[in-house]
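If you read the protein sequences in the order shown, they are chains A and B.
Positions 18 to 335 (the working numbering) are the ones given, in order, by the first sequence.
Positions 723 to 1004 (the working numbering) are the ones given, in order, by the second sequence.
A couple of the hints might just be wrong.
Computed cross-link-like contacts, DSSO-like style, restricted to lysine-lysine with a CA-CA straight-line distance of at most 30 Å [said to hold, decoys possible]:
{"id": "1", "chain 1": "B", "residue 1": "Lys837", "chain 2": "B", "residue 2": "Lys894"}
{"id": "2", "chain 1": "B", "residue 1": "Lys920", "chain 2": "B", "residue 2": "Lys894"}
{"id": "3", "chain 1": "A", "residue 1": "Lys137", "chain 2": "B", "residue 2": "Lys734"}
{"id": "4", "chain 1": "B", "residue 1": "Lys733", "chain 2": "A", "residue 2": "Lys140"}
{"id": "5", "chain 1": "B", "residue 1": "Lys920", "chain 2": "A", "residue 2": "Lys140"}
{"id": "6", "chain 1": "A", "residue 1": "Lys137", "chain 2": "B", "residue 2": "Lys733"}
Read the hints as simulated data drawn from the structure, not as lab findings.
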Amino acid sequence: MTTLMTADGNPRSTKRRSQRRPDTWAGIGMSFPALLGLVLFIAIPFVYAIIFSLQNIQVSQAHPAKFWGLTEYVRLFTNPIDSGPFLRAMLNNFVFAAVVIPVQTGLALALAVLLNRKLKGVKIYRTFFFMPVVFPMALVAVIWRLILDRSSQGLLNSALNAVTFGHVQPHDWLGSSSTALASVILLSIWQGVGFQMIIVLAGLQEIPQERYEAASLDRAGAWQQFIHITVPGIRNTLIFVVLLTTILSFRVYDQVYILINTAGANQNATQTMLFQATNAVFNENDLGQASAISVILFVIVVIITVVQRAVLRQRNES
Amino acid sequence: MSTHAATRTGKKARDYVLMTAAAIVMFAPIYYLLIGSLKPSNKVLNGFAGFIPTDLSFHNYSAVFSALDSGATGYFGQFFINSFLISLVIVLGGLLVNSMAGYAFARLDWRGRDKLFLVVVLLSIVPFESVAVPLMQLMSSYRDSLIGQMLPFIVNPFSVYLFYTFFLDIPKSMEEAARLDGLGPVGTFFRIIVPNSKPAFATVAILTFLTSWGQFLWPSLMTSNPAVRPLPLEIGVFSAQTPPNWGQIFAFGTLLVLPVLVMFLVFQRWFVQSVAGSAIKG
Chain A
18 MTTLMTADGN PRSTKRRSQR RPDTWAGIGM SFPALLGLVL FIAIPFVYAI IFSLQNIQVS
78 QAHPAKFWGL TEYVRLFTNP IDSGPFLRAM LNNFVFAAVV IPVQTGLALA LAVLLNRKLK
138 GVKIYRTFFF MPVVFPMALV AVIWRLILDR SSQGLLNSAL NAVTFGHVQP HDWLGSSSTA
198 LASVILLSIW QGVGFQMIIV LAGLQEIPQE RYEAASLDRA GAWQQFIHIT VPGIRNTLIF
258 VVLLTTILSF RVYDQVYILI NTAGANQNAT QTMLFQATNA VFNENDLGQA SAISVILFVI
318 VVIITVVQRA VLRQRNES
Chain B
723 MSTHAATRTG KKARDYVLMT AAAIVMFAPI YYLLIGSLKP SNKVLNGFAG FIPTDLSFHN
783 YSAVFSALDS GATGYFGQFF INSFLISLVI VLGGLLVNSM AGYAFARLDW RGRDKLFLVV
843 VLLSIVPFES VAVPLMQLMS SYRDSLIGQM LPFIVNPFSV YLFYTFFLDI PKSMEEAARL
903 DGLGPVGTFF RIIVPNSKPA FATVAILTFL TSWGQFLWPS LMTSNPAVRP LPLEIGVFSA
963 QTPPNWGQIF AFGTLLVLPV LVMFLVFQRW FVQSVAGSAI KG
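So here's chain A without its partners, still in its complex pose (with noise of 0.2 Å):
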């Protein structure tokens, strides 16, 4: 969610600069919390994570850790062992934003338009999708896990073999490393659409209902219409949308990890930077390699939002 700020630095100032500064005392009492906190559980760890990503460290260490400099970084990239898995949960993270960013949001954008309508009964379906949102995705991911199950009793399977009258045959969704990826898009896109339909559905309601009026009397389809006033009047809606699904979908995480690990999903095709990250952890004790993946993480979050502002502030100028 942090893509939200438009980080202008500069609060409206509520009085004149004066010289006694009055709320000086107040001003410093009442952030003091947050800021405390702020540094304590972000800023910490951190430059801690960056530490830690220089050394040769283990999570039980028995001999003291030693400065190596980028050796993980360069490890993380180059050497076959480390390399292999970490190049494919990066692959699969840009795979996964690559795919879901679009279709989620065409989704999201398809059942805006067709909920915006004044239509009996539209509050009620507004409910039905936006339902998923609320879900954990720990659970989601159990109850996917059924629907994908591998034998013929999987929901799926059962109702493709139903509908092709026999001509499909089970398929392993989760654990063939063709489908799982899709799979775990499949699950996540059902579970997050609801909220960014929301949020276009707000932009679409700030749009003047005069425009679609002017363009009827010009005899606009309602294709002309979608293209020519929805598109525009709610393009700062879209652009925001769809930085946002970016940012969250390279912190993709539980949905994996319990399909990994309870349901037999492909590793190799599912797998994340953090999955990735935490795996270096329990199974390798390797702190080291952690802190550098976390730190990858970290600039890649950093390069997308910083072309977030860009554009933003392009848009703002326009």
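With chain A held as given, fit chain B onto it using these hints.
Relative to chain A, chain B alone:
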């Protein structure tokens, strides 16, 4: 004229068909969870028949409580209380701490304010996930404790920012009377600003509760003792049993989501508005 009306009715019908089809697809997994939780365990993973409501009973629910009622597995009530306490402290603590900071940055005039606010904004782009591993190491003395699961999430730079933007929009006149009556900044905040900012507090509370109730990564790093496990982590453990007892797992899942689902259905309007509102503010 009549053809016009006919196309309009046709369009309406088409919209309803589309919406209903989409709603069925979106609701199907939830329905599957609810129905499955009421079925005998061997009838849940049962092809399309698992979807049909037969043999319904609340047996699985009582079975979940009896399956999880020993020191070895942990108690269901215990997981629930853990999740509840963790979320409660994060939500209430977060409302207090983040709103005070948002107020200090938005409405008070003090030395260092702008620079510190920039720090808040910069730190907000650090994803928690990228500091989780070193933080786990730094907080090793809080392993297997509830407090270790709460502390890092009370302060949330995003919540500070949400409060900040809300408070910026409050008319100045509201505070002035209080100030003239001799209330200090702290008094003004608690007596005037807080009672008049209910939507802001509701938004932050809802968004915070949603994320803290579903937390998985941090407890998976920080806990090994079932006594302090929160619900989402336990459903991962519970569903990994062999052979899996699907009816009970789905009953567990329903119990896990029920508080949020009920809250969502009751406060639906706020829920939806808060999500939309926070996006538009940004």
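Original post:
Can you list which hints this structure breaks, lowest number first?
Top reply: Per hint list: zero violations.
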